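Use the sequences and the hints to build the structure in full.
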Amino acid sequence: MHTRACNAKTGLEEKGSVLQNLVPMPSATPAPLTEKRLVLRILDLWRRFHNGDEMPLASVLTAPQAGADVDHVYLIDICHIDGPRFTFIGPALQVPDWPGQSEALIAECPEDSVLGLTSRNWREIVDREVPVTRGGVGRNRGEAVLYRSILVPLADESGRISVIMGAANWRLVEQHSGTPIE
Amino acid sequence: MALQSSDAAPSLARTYEIQRFSNGRWILDSVADDKKVAIEMATALWKGGRAPGGVQVMAVQTRASQFSEVRVFRAMPNDGAAEKQAPAPKVEGKAQVNAPTEVRDFKHGAHSDAPARPKKERFRDLILALKVATFLGIAAAAFEAFHLLSR
Chain U
62 MHTRACNAKT GLEEKGSVLQ NLVPMPSATP APLTEKRLVL RILDLWRRFH
112 NGDEMPLASV LTAPQAGADV DHVYLIDICH IDGPRFTFIG PALQVPDWPG
162 QSEALIAECP EDSVLGLTSR NWREIVDREV PVTRGGVGRN RGEAVLYRSI
212 LVPLADESGR ISVIMGAANW RLVEQHSGTP IE
Chain G
3 MALQSSDAAP SLARTYEIQR FSNGRWILDS VADDKKVAIE MATALWKGGR
53 APGGVQVMAV QTRASQFSEV RVFRAMPNDG AAEKQAPAPK VEGKAQVNAP
103 TEVRDFKHGA HSDAPARPKK ERFRDLILAL KVATFLGIAA AAFEAFHLLS
153 R
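Protein sequence lines correspond, in order, to chains U and G. Here my numbering is used: the first residue of the first sequence is 62, the next is one more, and so on. Here my numbering is used: the first residue of the second sequence is 3, the next is one more, and so on.
It is worth saying that the hints were derived from the structure and are not from the lab. Note that the structure is a prediction, hence the values are computed from the model and not measured. Glycine residues also receive a C-beta, built at the ideal position from the N, C-alpha and C atoms. You may find that some hints are simply not true.
Unchecked claim - List time: in silico PhoX-like cross-link candidates among lysine-lysine, alpha-carbon distance up to 25 Å:
hint, chain 1, residue 1, chain 2, residue 2
1, G, Lys37, U, Lys97
2, G, Lys49, G, Lys37
3, G, Lys133, G, Lys122
4, U, Lys97, G, Lys49
5, G, Lys38, G, Lys49
6, U, Lys97, G, Lys38
Stated by the list, open to error - Derived CB-CB ranges, DEER-like:
hint, chain 1, residue 1, chain 2, residue 2, range
7, G, Lys122, U, Gly113, 51 to 57 Å
8, G, Ser67, U, Pro171, 32 to 38 Å
9, U, Gly113, G, Asn80, 21 to 27 Å
10, G, Arg124, U, Val234, 54 to 60 Å
11, U, Leu233, G, Asn25, 42 to 48 Å
12, G, Arg65, U, Trp159, 34 to 40 Å
13, U, Ala205, G, Asn25, 45 to 51 Å
14, G, Arg52, U, Ala129, 18 to 24 Å
15, G, Pro79, U, Pro157, 35 to 41 Å
16, U, Pro125, G, Gly51, 23 to 29 Å
If you want it as structure tokens, here you go:
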């Protein structure tokens, strides 16, 4: 006996009408939804580590938590006695001709790098106490780039902002004559 | 404390504040420098279920002593995440510092408070005025006629 469901399985001529009566079943393993923008992924990460209204702790939300985005992440210790300094810089953001950058002061970071362009806004995050995303044009490794970054505050055990996590990505922009990029 | 920097944040003409509605007030959630990104951030906040009370994006412009803002996006539980320009409750947040000289220099604040009357209603008023005038005319003529006949 040919049932309509059997026809649907075997793909006979009644397939079109049979499919209308089939109930769609959810997949056992749904495809993971990945946010396209790096800044939104980092913002989502920061929100996931929220504890109610408390800011995420710097001891809990560390660079490896960024997963595949860790290459584009950096951390700033703003409580260091010598001034705010980097404690971690993802490989993609490292500046080739800048020695000792893993613990370097932000003030010494070259401005013709995405790291320098984006990290210099750290004070705004301390003032506002919320994530801030900024973008623009600049130069990175000698090339004109269009970048977008995000800085999110992380707190110590007392609830005070002690670390800022930054993330940035960019793309090269073509230089046309007469089109300023900086 | 090492909170000194020679690299202060650049003074930008306009920023976009993503705010969420919680406990009867709007709370600053995050800040963006781009409208499109700000709306994406607000949408992510809304769809992620982290702002069940609602979200909005305010375009904020700050000059030396003036502060102005306008809502560019809103998603509330009752309006189906639609973008609206209705008046919002007063915002309370760290970045919300209203100077005494606050102005709202965007177009949305230029509307008159009194709503315009419908055309049909105005026509009805005109008819009523004509009826009253006719009645008064007839009454005056009748009075005059009665006065003349009674002599």
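Hint check:
no.: 1; hint: G:Lys37 x U:Lys97; verdict: holds (17 Å)
no.: 2; hint: G:Lys49 x G:Lys37; verdict: holds (18 Å)
no.: 3; hint: G:Lys133 x G:Lys122; verdict: holds (17 Å)
no.: 4; hint: U:Lys97 x G:Lys49; verdict: holds (15 Å)
no.: 5; hint: G:Lys38 x G:Lys49; verdict: holds (16 Å)
no.: 6; hint: U:Lys97 x G:Lys38; verdict: holds (14 Å)
no.: 7; hint: G:Lys122 x U:Gly113: 51 to 57 Å; verdict: holds (55 Å)
no.: 8; hint: G:Ser67 x U:Pro171: 32 to 38 Å; verdict: holds (36 Å)
no.: 9; hint: U:Gly113 x G:Asn80: 21 to 27 Å; verdict: holds (25 Å)
no.: 10; hint: G:Arg124 x U:Val234: 54 to 60 Å; verdict: holds (58 Å)
no.: 11; hint: U:Leu233 x G:Asn25: 42 to 48 Å; verdict: holds (46 Å)
no.: 12; hint: G:Arg65 x U:Trp159: 34 to 40 Å; verdict: holds (37 Å)
no.: 13; hint: U:Ala205 x G:Asn25: 45 to 51 Å; verdict: holds (46 Å)
no.: 14; hint: G:Arg52 x U:Ala129: 18 to 24 Å; verdict: holds (22 Å)
no.: 15; hint: G:Pro79 x U:Pro157: 35 to 41 Å; verdict: violated (51 Å)
no.: 16; hint: U:Pro125 x G:Gly51: 23 to 29 Å; verdict: holds (26 Å)
When held up to the earlier numbered hints, the structure conflicts with hint 15 and nothing else.
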